[in-house]
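Undergrad: Each chain, letter by letter, is given below.
Protein chains: 2
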Amino acid sequence: MATIHDVAAMAGVSVTTVSRVLNNRGYISEDTRRKVYSCMEALNYQPNEIARSLLRKQSNLIGLIVPDVAHPFFSELTSHIEYYAYELGSKVLLCNSQLDPVKERDYIDMMKRNRVDGIIMGSHTLEVDVYSNLKGIVTFDRQIDEHIPYVCSDNYEGGRLATRLLIDKGCRKIAHICGNLQLQLLANRRTDAFRHEVHKHGIEHVIIETDMNVFDQNQYEAYVNRLFADHADVDGVFATSDIIAAFVVKVCRKLGRRIPEDVRVVGYDDVNNASWFTPALTTVRQPLKEMARLAVESIRKQAEEEAVEPARMLPVELIERETT
Amino acid sequence: MATIHDVAAMAGVSVTTVSRVLNNRGYISEDTRRKVYSCMEALNYQPNEIARSLLRKQSNLIGLIVPDVAHPFFSELTSHIEYYAYELGSKVLLCNSQLDPVKERDYIDMMKRNRVDGIIMGSHTLEVDVYSNLKGIVTFDRQIDEHIPYVCSDNYEGGRLATRLLIDKGCRKIAHICGNLQLQLLANRRTDAFRHEVHKHGIEHVIIETDMNVFDQNQYEAYVNRLFADHADVDGVFATSDIIAAFVVKVCRKLGRRIPEDVRVVGYDDVNNASWFTPALTTVRQPLKEMARLAVESIRKQAEEEAVEPARMLPVELIERETT
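Chains A and B, in that order, give the protein sequences.
Each residue of the first sequence is one higher than the one before, counting from 1 in this note's numbering.
Each residue of the second sequence is one higher than the one before, counting from 1 in this note's numbering.
Here chain A stands alone, though its shape is the one from the complex (with noise of 0.2 Å):
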């Protein structure tokens, strides 16, 4: 492989001016610089990011951390996460937590090391300590302290239409399934916005709260399944995924009833799945590529030393399909 010594030798240039050329740095001639470039071509010259990103104090890394990649939402997300930091020539060092506090608090102390300029920080099992001492971090849906800045969707808008819609369908007693609520997520507030929703128009509810790692698909159905036999009267859900929707439907035809007549299912995100789904979903749209976009572009300020928000809420839609 070519080094930067054999540029120079065949640019006829020092060594100093090559490594110049590449950093863009120092007055360079527009000739050099041409000679330069050429002579890199015709070597097929690939310059060593890792010492480059030593003398720039960039490593145009960007670290994410999520929960489960393989979860729709968060795979959707790293997506459009991707593409945004391909755009401004950073790469996507992806960490899968799966709510492991030691897997995650080695992740954060492995991209201190490697450097990253900055983290997306999707999961949220940690204290907030840890995240000091990082050069940028942005959350997603999870406000740690003022310090950090976050983005999110509008979650208590988004539980209340999706409450609200089961209300004005007639539904008399809904039941919504949420996350663990000790976690202190953003995502807490669709919670708060169905309880008041509930008790303003005195409709009958149930609430039920799923393990700490909510991701797990497995445990949907066993709530699903506990829901409808200690309930059996829920004529309304109103679920936080929706991948919990999609085991709504499942659990509801496999009992014999039809949705929507017998059971409305509202779920949460707009993952694609929700379109293909049968019957497809009703659910509440979060901006997911904005949000995406904001925190890629969070994280490329606060590596410029620019000025950040450090709060950004998206409004949500509401997305009526045929579940209810």
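Heads up, none of these hints are tricks.
Copies of one chain are not kept apart here, so a pair can be met inside one copy or by any two copies together.
Under the rule of at most 30 Å between Cα atoms (straight-line distance), these lysine-lysine pairs were calculated in the DSS-like manner: (1) LYS289 <-> LYS301; (2) LYS135 <-> LYS301; (3) LYS135 <-> LYS289; (4) LYS103 <-> LYS301; (5) LYS112 <-> LYS301; (6) LYS35 <-> LYS103; (7) LYS169 <-> LYS250; (8) LYS35 <-> LYS135.
In short, the hints are calculated from the structure, not lab data.
These numbers come from a predicted model, not from an experiment.
For this one, chain A is given, so just place chain B on it according to the hints.
TA: The following block gives chain B in isolation, referenced to the frame of chain A:
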């Protein structure tokens, strides 16, 4: 942030000694080693991984190129690869090529510059020459040439099992929806098996090839609509992915065809969705987790200059659920 100089000063040793401890080189007494480690801990010293990887000539980075991480098959693959990479102390640089040859080439160049220990290639738009000069490479479901190891499952057997099931269930006209056969993918063996079985049993059949960008989910519904418009008498469909199969179910429902009474459907992959889907999909399961393990292992072996098996083909399994 504490530097290597702070650690050396606190431990009362030279910077060279700290560096030797970090890189496990040269003779260091157990006492000194312990003292250096406890000072690192006390100072919360994070060794600079970038500088270390220059020394070690190993970056502990594995590049992963997939066509679309938002596609359930690739999101699950990515999750498994991350799991096994983490076990080895490696990190995953994720590249979502979107089957864009320019982006893919760009990523491969970038990975060479970043001295990744190897690339796991799950995409397939480029010519063979681009893959030269890589420290390590393994492809997923594609045989590029005899020098590049690959991991796949038994596509021919998968195609045979799916087709035979539909024939055994009494289907008289079977459609097969596959990827674009111009792409030299091992998945094309599924279509070979389909052709062989329908000819052997004298079954009427139709083969629908999708566009090059077979991962664009929006296309699928149009293909399936056209299939049933042109061939109203199709009573069995073998789709080359569970997502395509999901669209077959969706279109059948819209057309009033009952599943499995009027149309039987077999998918491929057995992604998580396949089981929570309603009706639950009959499908051919690829041993994705084991395939991921072998791919990561191959990169590790190449990085450590061990012998690597050029081809690993794993068995598939027919999973009968409700659509047949």
